[in-house]
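**Q** Sequence:
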Amino acid sequence: MVGERPESEHNRPPSRPSASRRLTLTVSVVAAPAASASGWDLPWSGHQQGRAVPFTEASVTAGADGSYTVEWKARGVRKVEIRAGGKVVARGGAEGRAVVTGLPAADRQWFDLTPDRAHGLHLADRLVKLEGAVNFRDAGGYRTATGQWVKTGEVYRSDALDKLTPADLAKLRRLHVRTVFDLRTESERTKGADQVPAGAAYHVADVFAGSSALQVLPKTPEEAVQFMRDAEKAMVAGAGGKTAYTEVFEGVQQDHDRAVVFHCTAGKDRTGWASATLLTALGVPWETVMADHLASNGLAADAGA
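For what it's worth, our numbering labels the leading residue of the sequence shown as 1, then goes sequentially.
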């Protein structure tokens, strides 16, 4: 929605995402791979399907100085080797932290975390740095409650794409982004039409289509609170929301050879609910889902939004 508020304790996803029967069935389909694979069942991910991964925690964080901090914890292993671009850049034990410097510039710097037993992980910093968007993130890279990991590099969440530069579009094309779902309203799209990579399929999935929730703007603090409550309800339970989110979830499931991005204006409420639903369906613990959802606040603050 226009002017989406920061995701505070009063603006969080429902305790467990739920919507129509049609949406529930769609999420069940999306979630199915989590029972036997490490996330979305798309073939060009670097993760091994249906195999044990000993890492209980792992992350990559890009620094402003071009360095990368890789942190991990793993069970039942003695050694872990970190590779970037096929070269060993760090080694450690079952738990470790490495700051890697001197790597060449890359659209996304990928790291392979390889233990001395079982299977490893293929990770990058979730935040994709773009000139025209501040909240473009990988929706994957999280551990599920069953010890599997959601695939990375296949599904992205973002704020508005109307200010993307030619360099941004070229980067997204190299990242195989070929499908875009726009969750914004008609007025938002009119004010700022999406810029999408060449050859990408663009889909309007207006969460508030046909809804009256945004027609009367609030004039008092009390009205503002009620306005947001009505908008949140319409977002997940209205006909437009049910249709829009179903389209997004089906798109994630069906795009087997290309990356998908879904977005709204700030990448918070509408986008956040879609991401929270997908991660929950895939078995990611709710605390992790909440942390991902609220990360938009920090990114917006850093960007001065």
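Simulated from the structure, these hints should not be mistaken for laboratory data.
Because the structure is a prediction, the values reported are computed rather than measured.
Watch out, some of these pointers could steer you wrong.
Distance condition first, Cα-Cα at most 35 Å in a straight line; then the derived DSBU-like pairs of lysine-lysine [stated by the list, open to error]:
| no. | residue 1 | residue 2 |
| --- | --- | --- |
| 1 | Lys171 | Lys191 |
| 2 | Lys129 | Lys73 |
| 3 | Lys73 | Lys233 |
| 4 | Lys242 | Lys191 |
| 5 | Lys219 | Lys233 |
| 6 | Lys163 | Lys73 |
| 7 | Lys129 | Lys171 |
| 8 | Lys242 | Lys129 |
| 9 | Lys219 | Lys171 |
| 10 | Lys219 | Lys191 |
| 11 | Lys163 | Lys191 |
Beta-carbon label-pair distances, calculated as ranges [claimed, not checked]:
| no. | residue 1 | residue 2 | range |
| --- | --- | --- | --- |
| 12 | Leu217 | Asn297 | 32 to 38 Å |
| 13 | Gly102 | Tyr202 | 24 to 30 Å |
| 14 | Gly147 | Gly192 | 23 to 29 Å |
| 15 | Thr69 | His256 | 17 to 23 Å |
| 16 | Thr288 | Ala170 | 29 to 35 Å |
| 17 | Gly192 | Gly93 | 26 to 32 Å |
Glycine included, each C-beta is placed from N, C-alpha and C at the ideal position.
**Q** Decide, hint by hint, whether the structure agrees.
**A** Here is what the structure says about each hint:
no.: 1; hint: Lys171 / Lys191; in the structure: holds (24 Å)
no.: 2; hint: Lys129 / Lys73; in the structure: holds (26 Å)
no.: 3; hint: Lys73 / Lys233; in the structure: violated (39 Å)
no.: 4; hint: Lys242 / Lys191; in the structure: holds (24 Å)
no.: 5; hint: Lys219 / Lys233; in the structure: holds (20 Å)
no.: 6; hint: Lys163 / Lys73; in the structure: violated (38 Å)
no.: 7; hint: Lys129 / Lys171; in the structure: holds (10 Å)
no.: 8; hint: Lys242 / Lys129; in the structure: holds (31 Å)
no.: 9; hint: Lys219 / Lys171; in the structure: violated (42 Å)
no.: 10; hint: Lys219 / Lys191; in the structure: holds (23 Å)
no.: 11; hint: Lys163 / Lys191; in the structure: holds (11 Å)
no.: 12; hint: Leu217 / Asn297: 32 to 38 Å; in the structure: violated (23 Å)
no.: 13; hint: Gly102 / Tyr202: 24 to 30 Å; in the structure: violated (39 Å)
no.: 14; hint: Gly147 / Gly192: 23 to 29 Å; in the structure: violated (42 Å)
no.: 15; hint: Thr69 / His256: 17 to 23 Å; in the structure: violated (33 Å)
no.: 16; hint: Thr288 / Ala170: 29 to 35 Å; in the structure: holds (32 Å)
no.: 17; hint: Gly192 / Gly93: 26 to 32 Å; in the structure: violated (49 Å)
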